[in-house]
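All chains, full assembly: derive it from the sequences and hints.
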Amino acid sequence: MSIVSASLAPAGRSDRALNADALAADARRESRGMLALLSPGLFLVFAVIIVPIGWLFWLSLFDETGQLSASNYARFFEQASYIKTFVTTFKVAFVVTGACVLFGYPLAYMLSQLPRRAAGVCLIFVILPFWTSVLVRTYAWLVILQRKGLINTWLIDLGVVGQPLPLANNFAGVVIGMTHIMLPFLVLPLYASMKSIDTDCLRAGMNLGASPAATFRQIFFPLSLPGLASGVVIVFVLCLGFFVTPALMGGGKVIMWAMRMEQTTSLYSNWGAGAALGVVLLGVTLALLGLFQWLLGARATGVWSRR
Amino acid sequence: MSMENALPISHRQRLWLYALGGLVMLFLIAPSVIIVIMSFSGSTLLQFPPQEWSLRWYESYFGSVEWRDATIVSVKVAMMTAVVATLLGTAAAYAINARTLRLTGAINALLTASLIIPVILIGIGTFFLYARIGLNNTLTGLVIAHTVQALPLVVLTVLSGLRSYDMNQEMVARSLGANRFAAFFQVTVPQIRFSIVSGALFAFITSFDEVVVSLFISGGETTTLTRRMFNALRDQIDPTIAAISTCLIVLSIVLLSAAQLFGRGR
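Protein chains in written order, with this note's numbering: chain V, 1 to 307; chain A, 308 to 573.
Some hints here could point you the wrong way.
Here are some, though not all, of the chain A residues that point toward chain V, as calculated from beta-carbon distances under 8 Å [claimed, not checked]:
1. G328
2. P338
3. T407
4. L410
5. I424
6. L428
7. I451
8. V455
9. D516
10. F537
11. L540
12. R541
13. I548
14. L555
Which bits of chain A does chain V cover? Going by a derived footprint, with three or more residues having C-beta under 8 Å, they are [stated by the list, open to error]:
15. 321-327
16. 353-367
17. 398-404
18. 413-422
19. 558-568
No lab work stands behind these hints, which were simulated from the structure alone. Each residue gets a CB set at the ideal place from its N, CA and C atoms; glycine is no exception.
Structure representation (structure tokens):
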């Protein structure tokens, strides 16, 4: 070992200093080794994600004639079609997030109160959709909701409605499909945080005479808020940049941010404008996540490590 | 939760909660169940439950050269992605766990960036980059792009395995004369192999189900299954897709159960 050889070295400096040098050299070698292990992964992420995004950002600063200008960004405020896209995107994101809270909170609450084994079985209902292809789930909703789909066929056969209800290829279809896809992203972190609430706090409240409803409202609910917040942020952020479901279920009427980016770049080959859209989307995403982390001191992305 | 831990609320008082939770669970699982059942329908009409049963949509899937080629492309890409992402991700997780580097926060953020950055931006950026270096419509390009997306999942999974493993065991092996690689592969790997296998399975499924980036960078001979499905869905609703979807659902169940089984051995 290097420490041994260092202490044996005849030198004017004290053993302690030599030891420290040898240890520092060892630590440096160790660090270099660890960096070598990290570098292939870091390189790929850097080359495939960071470099192209930086490049797109650079492109977004020039107009069609190659002049440095803010025109790619200015059009977001000037052209009604862009404003409409943003409004639609935020509207969908708010409605879907709201629906996820409405459906997800009771489910997470039930899971957290069930005995371990039962909760494990019920969790399958959340985790299986989480890992089922988004395309498969969107296809399923198309089959269920479209004009001649299952729900309309049933309703007409039962005589509830005379005309098929417009459930797919519109705003409602996008919201239903996306709520289904986003729900696990809210339930999983919320469930994890509810699991960590100390039952003794609740029992103490009830012992002191609080009704079950009051215990929930005054003790359980406030303690579950950080988990709820992390679910809400992740769902909202994912909604803003979501592509597959609005593209397939929007019927061309619900144009969301990501679809606009795809159209601008693929259809019109306007890279500057598409890139500018991407830069703003990334900015909003990072700002929301950063705000969340700053407010709550936790990362909203924990959902992927808590399956 | 054991019984003495339970709150003084009876299951009866909670019936409304179970009913509500059950409805949400139904909402989550019903689409998959409906698709699986409808894939065995004998009719071109969308009926539920189907009036007649057949395997014609599976025959239509397996009999079509286009669907078969796309499936082969997706399987190849997913397998290669699983191998590459597992190697790179395990190495990265090991280095992060060692905590000898500064800037661990920045490294973590960079490695998990693809979970946060909107996928559409990654798709457009990758397409833009690949157009310059000729990687569009190639297997290599797909594997690289999917590896970047699968990497965070492998890192997080392996890291959670390493955190519950006592690294001193590797130190002991080294102090007894094993070199670093021998110590890692003979002492550490056998104990974290379950997380490594789980990570590989997650990487496989991430690649196999990936849609948005593949829409941009795959095409022609390397059209992935998801890209072909997406285009087919834009045109019309072909019941063949119900058969393909069922296969994808079964694949998810198999891989998840495998990951779960391996996870339990941890």
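Problem - Residue hint L540/A, partner chain V, criterion CB-CB below 8 Å - result: 5 Å, holds
Handout entry: Proposed interface contact between D516/A and chain V, which counts if any beta carbon pair is under 8 Å
Key = Hint holds; D516/A Cβ to chain V Cβ min 4 Å, cut 8 Å.
Exercise for the section: Tell me if L428/A is really an interface residue toward chain V, meaning its C-beta lies closer than 8 Å to one of theirs. Expected result: 4 Å, holds
Handout entry: Interface restraint verdict for F537/A against chain V (beta-carbon cut-off 8 Å)
Key = Holds: closest Cβ of chain V sits about 6 Å from F537/A, inside 8 Å.
Exercise for the section: Count the residues of the region 398-404 of chain A whose CB lies closer than 8 Å to any CB of chain V, then report whether that count reaches three. Expected result: holds (count 5)
Practice task
Verify the coverage statement for the region 558-568 of chain A against chain V, using a C-beta to C-beta distance below 8 Å and requiring 3 or more qualifying residues.
Solution key: holds (count 4)
Problem - Restraint satisfaction for I548/A [CB to CB of chain V, less than 8 Å] - result: Result: holds, 6 Å to nearest chain V Cβ.
Problem - Restraint outcome when I424/A is required to lie within 8 Å of chain V by C-beta distance - result: 6 Å, holds
Handout entry: Check of the region 413-422 of chain A against chain V for coverage (Cβ-Cβ below 8 Å, three residues minimum)
Key = holds (count 7)
Handout entry: Interface hint status, T407/A versus chain V (Cβ within 8 Å)
Key = Check passed: Cβ of T407/A comes within 5 Å of chain V, closer than 8 Å.
Handout entry: Coverage claim, chain V over the region 321-327 of chain A, checked by counting residues with Cβ within 8 Å (three needed)
Key = holds (count 4)
Problem - Interface restraint verdict for I451/A against chain V (beta-carbon cut-off 8 Å) - result: Hint on I451/A: holds, closest Cβ of chain V at ~6 Å, below 8 Å.
In summary, the one numbered hint that this structure violates is 4.
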